[in-house]
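Undergrad: I would like the entire structure built from these sequences, with the hints used as guidance.
Chains as they are written, first to last, in our numbering: chain A, 225 to 337; chain B, 12 to 464.
These are computed hints drawn from the structure, not numbers from a lab.
Now the stretches of chain A that chain B is said to cover, found in silico as 3 or more residues with beta-carbon under 8 angstroms:
id : region
1  : 225-239
2  : 301-312
3  : 320-329
So the derived label-pair ranges between C-beta atoms look like this:
id : chain 1 : residue 1 : chain 2 : residue 2 : range
4  : B       : D315      : A       : D255      : 17 to 23 angstroms
5  : B       : E396      : A       : E287      : 40 to 46 angstroms
6  : A       : A336      : B       : K304      : 25 to 31 angstroms
7  : B       : R109      : A       : E327      : 55 to 61 angstroms
8  : B       : M146      : A       : R273      : 27 to 33 angstroms
9  : B       : G118      : A       : E287      : 50 to 56 angstroms
10 : A       : E234      : B       : E369      : 46 to 52 angstroms
For each residue, glycine too, the CB sits at the ideal point set by N, CA and C.
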Amino acid sequence: MAVKRIRLIEIAHARSGDKGDAGNVGVIARDERYYPVLVQQLTADAVKRHFEGICFGPVDRYELPNLGALNFILHNTLGGGGTVSLKNDAQGKTLSAAILRMEIDVDESLLAG
Amino acid sequence: MNKTIRIASGQGFWGDLIDAPYHQVTRGPVDYIMMDFLAEVTMSIMQKQKLRNPELGYARDLPGQISRMLPHIVEKNIKVITNGGGVNPLACRDAIFREAEKQGIKGLKVGVVVGDDILDNIDALMAAGIELRNMESDDAISGIRDRIVSANVYFGAFPIVEALRQGAQIIITGRTTDTGLTLAPMIHEFGWEADDWDKLAAGTVAGHILECGGQSSGGNFLADWKSVPDLAHIGFPIAEAHPDGTVFITKHENTGGLVSEATVKEQLLYEIGDPTEYITPDCIADFTSIRLKQEGENRVKVYDVKGRPFTPFYKVSASYHDGYSAVGTLTYTWPEALEKAQAADQILRTRLSDLGLEFDEIRSEFVGHNSCFGPLATMPEEINELVLRIGVRGKNRDHLVRFGQELAPLILTGPPSVTGFAGGRPKPSDVIAYWPALIPKTAVTPHVIVEEN
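TA: Here you go:
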């Protein structure tokens with residue numbers, strides 16, 4: 225089995241927003257056959273590592289198999305939240321793009337199929 | 012019963028496309044228009060406007076938007092439901108009545124939902140032992156009592172249902188949940204019971220899909236934004252609702268944008284927490300039960316939604332004054348744009364420190380390089396130009412003013428090839444912080460007032 229390293233954007237899309245000082249990042253498989261890869265590779269720990277220096281709190285992960293999607297809550301991420309934050313992206317709107325830069329390992333046959 | 016109703020999204024936030032609701036009533040058939048205006052910070056802005064002028068405190072675009080729609084909604088009996096009443100829904104209604112009179116329209120029934128504004132009741136609530144603890148920090152609200160700017164309870168769909176039952180054509184509320192605006196007409200038209208949890212959850216999910224306007228019909232679509240046709244003329248989403256709770260998301264023909272499983276999925280994932288418990292005053296919706304199916308071009312079926320009983324609490328959204336902030340920018344160009352901007356940042360921080368100024372936070376970002384991606388940003392070989400964006404936040408307003416005076420001097424006393432200071436000195440603005448809390452449902456009561464002009 226040949227393993228290929230890809231960026232998450234190849235097999236998923238995403239949307240993000242704010243919940244107080246936490247960012248919400250929804251990651252959606254581009255095809256249902258990719259969903260198990262998301263479940264396996266996008267652990268809360270892996271996402272926390274990816275957002276090191278951006279997310280300063282814990283990461284919660286929730287599964288939505290019905291939509292082929294995962295939802296992440298990144299605590300302590302938005303510099304105090306929408307109205308207090310000095311960040312350019314005070315509402316976490318671009319966290320969705322940021323997570324899609326994550327590199328993951330996938331079975332090449334899965335991409336071909 | 013085979014009837015269906017078409018509920019159109021007309022506004023996704025205060026500041027959205029002004030003509031969107033007009034296009035929804037004129038470009039195809041609809042029965043209801045829902046217009047969501049309220050974000051967490053909006054109520055505090057409206058409360059400040061009302062302090063300056065007791066006739067204000069609502070979404071000021073709204074009377075004009077309704078005025079333009081009025082001949083069409085009267086002729087076609089389209090109903091309008093909106094939370095744009097903000098902290099002064101009665102004044103908003105009176106402004107709408109004035110618009111109707113200008114057009115010679117008589118007998119317009121407008122319903123208003125009040126009772127959500129608890130700003131003047133906080134002391135009484137505290138005396139009754141209701142602490143309004145912050146849901147994130149668990150602090151009691153007494154610690155910020157003298158700095159509270161606004162405090163509103165999130166009501167659900169049922170006060171709106173009552174206004175519809177009394178025959179209101181336009182319903183203006185204060186802090187009603189975004190989802191309640193869409194759920195209410197389904198309860199009213201289909202006679203859903205207050206404990207029919209699956210149906211209430213289905214209407215709530217439809218509300219979540221509509222509440223951000225074009226964000227479910229092709230706007231902000233990350234999966235494949237280039238595939239979305241004619242965003243310039245984007246059609247806002249429409250929910251075609253059926254009595255059994257099945258909803259089809261679509262949009263008017265001959266409009267731009269896109270309704271697909273992917274556009275709806277992105278919106279479903281937007282600003283949610285635990286998907287198994289999406290809590291509203293009307294029910295708890297389980298987003299892990301939602302099924303989607305593309306049923307034709309720009310038409311997605313949403314079905315099988317499950318729900319369960321609501322909690323004994325309303326959510327409260329309060330805001331309070333929490334110091335000041337100011338943000339300024341300077342633009343640096345090649346060569347060594349990033350190094351120059353970083354040096355300027357350090358020079359400024361040294362000067363602020365030498366002056367003994369105190370801030371809760373100083374934040375520097377390099378727009379064009381890493382303001383959004385932070386440590387994830389990759390280093391390009393050559394940066395042509397970037398913007399140093401530096402913000403400060405603190406309690407002492409004079410220190411914020413002095414920060415504003417220290418930025419421009421960097422042009423003549425800092426690194427070279429710098430420009431972009433046309434806006435003048437950054438000025439301190441009030442920081443209004445958000446205070447989420449819970450309140451027992453028994454402590455507040457919504458009131459519905461329906462009158463005609």
